[in-house]
Each structure stands twice: as structure tokens, then as C-alpha cells.
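There are 2 protein chains.
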Amino acid sequence: VSLAYHDGRLEPEEAAVLSPRDAGFLFGDGLFETLRVDRGEARDVAAHLDRLERGLARIALAIPESRRELEAAIAAVAEAAPRPIARLRLTITRGTPEKGPTRRITAAPYAPPSEGCYQKGVAAIRVPEIRLDSGSPLAGLKSLSYQAQRLAFVRAEAAGAFEALLANERGMLMEGSRSNLVAVLPEGILTPPESDGCLPGTVRRRLLESGAVREGSITPEDLLRAEGIYLTSSLIGVLPIGTLDGRPLPIGPEGGRLRRLLAEPPVTPAA
Amino acid sequence: VSLAYHDGRLEPEEAAVLSPRDAGFLFGDGLFETLRVDRGEARDVAAHLDRLERGLARIALAIPESRRELEAAIAAVAEAAPRPIARLRLTITRGTPEKGPTRRITAAPYAPPSEGCYQKGVAAIRVPEIRLDSGSPLAGLKSLSYQAQRLAFVRAEAAGAFEALLANERGMLMEGSRSNLVAVLPEGILTPPESDGCLPGTVRRRLLESGAVREGSITPEDLLRAEGIYLTSSLIGVLPIGTLDGRPLPIGPEGGRLRRLLAEPPVTPAA
Numbered sequence: 020v021s022l023a024y025h026d027g028r029l030e031p032e033e034a035a036v037l038s039p040r041d042a043g044f045l046f047g048d049g050l051f052e053t054l055r056v057d058r059g060e061a062r063d064v065a066a067h068l069d070r071l072e073r074g075l076a077r078i079a080l081a082i083p084e085s086r087r088e089l090e091a092a093i094a095a096v097a098e099a100a101p102r103p104i105a106r107l108r109l110t111i112t113r114g115t116p117e118k119g120p121t122r123r124i125t126a127a128p129y130a131p132p133s134e135g136c137y138q139k140g141v142a143a144i145r146v147p148e149i150r151l152d153s154g155s156p157l158a159g160l161k162s163l164s165y166q167a168q169r170l171a172f173v174r175a176e177a178a179g180a181f182e183a184l185l186a187n188e189r190g191m192l193m194e195g196s197r198s199n200l201v202a203v204l205p206e207g208i209l210t211p212p213e214s215d216g217c218l219p220g221t222v223r224r225r226l227l228e229s230g231a232v233r234e235g236s237i238t239p240e241d242l243l244r245a246e247g248i249y250l251t252s253s254l255i256g257v258l259p260i261g262t263l264d265g266r267p268l269p270i271g272p273e274g275g276r277l278r279r280l281l282a283e284p285p286v287t288p289a290a
Numbered sequence: 020v021s022l023a024y025h026d027g028r029l030e031p032e033e034a035a036v037l038s039p040r041d042a043g044f045l046f047g048d049g050l051f052e053t054l055r056v057d058r059g060e061a062r063d064v065a066a067h068l069d070r071l072e073r074g075l076a077r078i079a080l081a082i083p084e085s086r087r088e089l090e091a092a093i094a095a096v097a098e099a100a101p102r103p104i105a106r107l108r109l110t111i112t113r114g115t116p117e118k119g120p121t122r123r124i125t126a127a128p129y130a131p132p133s134e135g136c137y138q139k140g141v142a143a144i145r146v147p148e149i150r151l152d153s154g155s156p157l158a159g160l161k162s163l164s165y166q167a168q169r170l171a172f173v174r175a176e177a178a179g180a181f182e183a184l185l186a187n188e189r190g191m192l193m194e195g196s197r198s199n200l201v202a203v204l205p206e207g208i209l210t211p212p213e214s215d216g217c218l219p220g221t222v223r224r225r226l227l228e229s230g231a232v233r234e235g236s237i238t239p240e241d242l243l244r245a246e247g248i249y250l251t252s253s254l255i256g257v258l259p260i261g262t263l264d265g266r267p268l269p270i271g272p273e274g275g276r277l278r279r280l281l282a283e284p285p286v287t288p289a290a
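Chains A and B, in that order, are what the protein sequence lines are.
Each residue of the first sequence is one higher than the last, beginning at 20 in this note's numbering.
Each residue of the second sequence is one higher than the last, beginning at 20 in this note's numbering.
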């Protein structure tokens, strides 16, 4: 039986009853975070909580838990999570007027891509019909209002691909439906800037802090001239794209270098 | 005790248990409709179901209910709804992989704006910091991923206003956070076209079908030279805006005429 944190209590995952009047269900009004758990230990907790706190401030939602209490709840759910690897999800919604915000943390087994995928790359598709808006009030928020990204992911699955790449209203590449994007270009190793509307992912942040990657817009043409295109996320780390819309992409040595970088302890988050 | 329809069954509203793994809760992946119920009878059911069906096709979500079964479920929940006036909500989500889509219909008491509001108008604000994207894959969908509109509505409430007006990425007025927009201008009575990204509201549709209103983009300047600006929705009908950002707006006779139009039986929906 999996353990969940729900509105202040640790309990079996099945115990939770969600109100159909929860603002998360009615209006997608909330935020979430996805963390990787390795053998009971959640990774990059500080970076995830940093982002969550910034997001909650932006949507003017206050929760009763202190940061220390959230850390303890994450640690407890992670400790009881399936091994060796699990995916931990933290969800905060505006809840109901009577009860206040909903806070929920759960874990589920996670099977990362095989080592072969890290060598040969995965398939990705572009979905030009699903554009995101860099000027959206939700840009940069890991919002529960995630339907556009889900529609993109469903297209990827239908095409037998691992991920769908999304562009913004100016045609600049932003991110995958559940990952950030890194392109190895002659001018440097780039990841789209937040001003292009991307989500500030935690692996992306560590790569930027390491100095190995810098912010720079990625155009559709860049995708075709890059020496390597990588997906990054808490769950997958740094994963090369092997084919884009069915066309093979080169996979240079840089991805392996970035992956080794991530294995090092994270840089202490800036204040 | 209110009656609800939930996944095929009519039951007391409190009986429903929603899974925290419902895609509506996890990702805002679903659609909703809000209908007005007068003394047990839901209004404009055909127009709402037309829109719902188009939306479900767009997000590739199939539900087990036939249209006739949805009509019967709406009628049953409406018949048991609080009187004299209620707000009926129909929610469809992608549910869970095991269970399939979630279908839920509930009703709650609704107090419409006072007759004085229809004479003197309500307060509205603009929220230029919350722009919507006319090219979004969600444009025109009454999506559960509604957080941007909710954030706009929260601003309106904080400002003591009834509604917040939203513009698109080109600065064209689109709609309110939960209503459509109609402007009485020298060149005609206009409501933003769907190509500007607005939701195709059912009252808006009836006004267009009547020939009294036509589609045309509304600019920020139009708001200040109009002889009347109106909000429309299933719940409120046609309601004048009395002040915009605190500045009084004229209220001409057209709103009353449009309101009387709505009291007439709806035009038979086009095939």
C-alpha cells in the first residue's frame, strides 16, 4: 500500500477522497511538481520547492505548510515509495472555499528509459498545431491547467514517439510536453530562455548553473543543424532525441557529458 | 439533498467520490458546460450539447452516453435542482485509464444579478497582464484548464468588479472571464469573432442567429466609443457594463432590446 500525504495527514493512498468541487477539478486552478525518487530518496527537493513557492506567489495561493513541513512530507512519501525508482507528484490546488487549498503528495513506480535510449535516442515529433503563448499568465508555471501539453503528448503517443516538441506564438521552440529542450549548436549549448515561455525545469536549472548550457532561443532551423538535441527533466535527466518526425538526428558526445554533470551533487541553490 | 449524475448513475450529490488520479484533477484534461435552470428546466440544452460534442471531438474524448442520455440526465438533475433558479454544471474529463472518462452533472442555487444591475450596469475591469492566445489549441473550448480565466476573475473580485475583460495576443478584446462581450458601435452591434479566440457562448450564438448582432473584432478604443458594452452568458443573459476600470460607460437602449430577443424561443439549431 502506497503512502500519500493529503491535506496535512499521511495516509494510505487509497484513503483520499477528493471533492468534485475542488478548484483543481473544476478549473485546473493549482500547481504541481514531479520529482524523481531513487531508492526512497527524492531528488532536487530544494529546486522543486523553490519553483513551487514562486508559482504559489504568482497565483496568490497560500498553504498552511511551512517549507520544512513540505520537505518532511516529501521525505516520508519518498521513503515509502516503490523501489528502485519512483515518480513523486506534489499537487496544490485552490481546493474549496470551505476547506481551503488541497495539498497532496503521492508516489508511483517509474521505469526510466532504457540505457539503449540514452545511447540511440528517442523519437520526437513536432506539433505545430499546438502552440503555446510565451505571454500567457501561466507561462513558466507548472499549472494544473495542462490540457494543451496533454493533447501534444497524446499526439506523440499516437505517433509512437516519446515526446512532442512545442513552439510558441513566434515559432520559437519552447519545450517538450513534459521536458525541457537543449540544443548543441556551433555557437554553444542552448536551452530556450524563460522569455520564450518555457517552464524553468530543475535539470535545466542545474545545467545552467553549471555553466555548460546557456539560455538562447532555438528556431525550427536550429533543430536541423544541431549536433544533438536533448530532452531534460527530473525523471529522465538528459535524454537524446534520435529521430525528429521520423528523420534521424545526430547524437554527439555532449549529451553524455551533460549527463555526467548531473550525477554530481547539485550546486547549492542561489538565495 | 441535491441530485447529481455521476458516471452513469443518478445519486445524492454528496455520494460521489472523485479519484485523485482523475485526468481532470491531474491535468485539467476535460471540458465543462454551465447551464441555467429556471424552475426545474434547463435552458438552451441543445446549444450546450452541440458545443460539448464539438469540443469532445477536438480533444478526441469519447463518452458512453448518447446525446439522448445526456439530455435525460440533464433534465433529471435540473428537475431536482434548487428553485427558482439554479446553475447546472456538466463536467467531462479523461478520467482514469482504468475507469475511462468521468461524466458529472450537478446543480447549485444561483442568484442572478438584480434588476438594478440590468438597468445601471455592473463594474468591469481590464486585466492586460492576463492575455489569452487566439491560436491556442484550447481557444474556443470550454476547457477544464481554466486557470488563466480564474486568475482574471480573482482580480475582478479583488477590485469589487463583476467581471474582468480579457484581450488576446494582438490586443483585441475576446471575452470576460466567464462571459462573452457585445459592443454597440456606430457600425453595428459586434461580438468578437471566434478567430479572435473567444468561446462560442450559447447566448452569443442566439444573438448572432437573430441577426441583431454580427461578428467583428473589438479594439480597446472601441470600448471607449461604444454606446453600450454588454456581457452575455447562459446565467446572466445580456447584462450592461456600467463602469470600466471605474470610468462610467453609456448604457443605450440596445441592451434591453437584445434582452427581450432572448426571452423569445431559441431559433432551431442549425444541423
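It is possible that part of the hints are untrue.
Calculated lysine-lysine pairs in the DSBU-like style (CA-CA distance at most 35 Å, straight line) [stated by the list, open to error]:
no.	chain 1	residue 1	chain 2	residue 2
1	A	118	A	161
2	B	161	B	139
3	B	118	A	118
4	B	161	A	161
5	B	161	B	118
6	A	139	A	118
7	B	118	A	161
8	A	118	B	161
Derived contacts from chain B toward chain A, CB cut-off under 8 Å, selection only [claimed, not checked]:
no.	residue
9	36
10	39
11	48
12	78
13	82
14	137
15	156
16	161
17	163
18	164
Don't read these hints as lab results, they were simulated from the structure.
Just so you know, even glycine gets a beta-carbon here, dropped at the ideal spot from N, CA and C.
Evaluation of the provided hints:
no. : hint            : result
1   : A:118 <-> A:161 : holds, 23 Å
2   : B:161 <-> B:139 : holds, 29 Å
3   : B:118 <-> A:118 : holds, 27 Å
4   : B:161 <-> A:161 : holds, 20 Å
5   : B:161 <-> B:118 : holds, 23 Å
6   : A:139 <-> A:118 : violated, 49 Å
7   : B:118 <-> A:161 : holds, 26 Å
8   : A:118 <-> B:161 : holds, 26 Å
9   : 36              : holds, 5 Å
10  : 39              : holds, 5 Å
11  : 48              : holds, 5 Å
12  : 78              : holds, 6 Å
13  : 82              : violated, 16 Å
14  : 137             : violated, 27 Å
15  : 156             : holds, 4 Å
16  : 161             : violated, 11 Å
17  : 163             : holds, 5 Å
18  : 164             : holds, 3 Å
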